[in-house]
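> The listed protein sequences derive, respectively, from chains D and V.
So for the first sequence, the numbering used here puts the first residue at 1; every next one is plus one.
So for the second sequence, the numbering used here puts the first residue at 1; every next one is plus one.
Hints listed in this document are in silico derivations from the structure and should not be mistaken for laboratory results.
Watch out, some of these pointers could steer you wrong.
[As the list claims (entries may be wrong)] Partial chain V-side listing against chain D, Cβ under 10 Å, derived: (1) V4; (2) I9; (3) Y32; (4) G41; (5) G43; (6) K49; (7) V94; (8) T106.
Virtual Cβ for every residue (Gly too), placed ideally from N, Cα, C.
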Amino acid sequence: ETGVTQSPTHLIKTRGQQVTLRCSSQSGHNTVSWYQQALGQGPQFIFQYYREEENGRGNFPPRFSGLQFPNYSSELNVNALELDDSALYLCASSFPSPNYGYTFGSGTRLTVV
Amino acid sequence: AQSVTQPDIHITVSEGASLELRCNYSYGATPYLFWYVQSPGQGLQLLLKYFSGDTLVQGIKGFEAEFKRSQSSFNLRKPSVHWSDAAEYFCAVVHPYSGGGADGLTFGKGTHLIIQP
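Take the sequences, apply the hints, and build the full model.
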């Protein structure tokens, strides 16, 4: 059983640029959610994808967008990067019902300079 | 709005001593409850979860947690800590009827556990 894998592990971007982060879900999981974890904080929910559609969103602006592919992998795109976007971005895969729990990847550390 | 409070930002415990990490939640309904652990620079590992039934749940690595509805609490315990338990611990909740967890997990700010030799 493969876990959740995220790429890249680290990257540095300049303010105003765009970035794409990638996530492969755990085998058998068809739901993917993304979280932003600022330094010293708990993760915050960005959005969730199920059947290639966004079915839930946290308090994040539209410049945070995503995709889910037929193989259930996912991308997080952030446009017009701001310094405050510097964070660890975590991907979690699951089944649609929350009572199955969530499996997290190791994250992508994004630094915006 | 739902919220999770972990009152202790840092806790220092001697190796071999017992541990209790506190978690309180504010939610319209009884949520599903989770404890996760995060080592530096790593993702989150699930320690245990509570959905219903027996209010004392057992998890991995010798951890357990007790759900107390009257106190809106879900405290994490371990009878004897090991140096390898040093990490960040997060309590999280999710709405049980959100049609697929589409509200996402709501996390506390975490408790940093330091183990003294």
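> A separate judgement is required for each hint: does it hold in the structure or not?
Hint check results:
Given the 10 Å rule on beta carbons, the hint for V:V4 holds: about 8 Å separates it from the nearest Cβ of chain D. Interface restraint check: V:I9 against chain D, minimum CB-CB distance 9 Å, threshold 10 Å, status holds. Below 10 Å, beta-carbon pairs count as interface contacts, and V:Y32 has one with chain D at about 5 Å; its hint therefore holds. Proximity of V:G41 to chain D holds as hinted, the smallest CB-CB distance being about 8 Å (cut-off 10 Å).
Interface hint at V:G43: satisfied, since its Cβ lies 4 Å from the closest Cβ of chain D, which is below the 10 Å cut-off. Because the beta carbon of V:K49 sits about 6 Å from the nearest beta carbon in chain D, less than 10 Å, this interface hint is met. At about 5 Å, the closest approach between the beta carbon of V:V94 and any beta carbon in chain D falls short of 10 Å, and the interface hint on this residue holds. Using the Cβ-Cβ criterion of 10 Å, the hint placing V:T106 at the interface with chain D is satisfied: the shortest such distance is roughly 7 Å.
The structure shown violates none of the earlier numbered hints.
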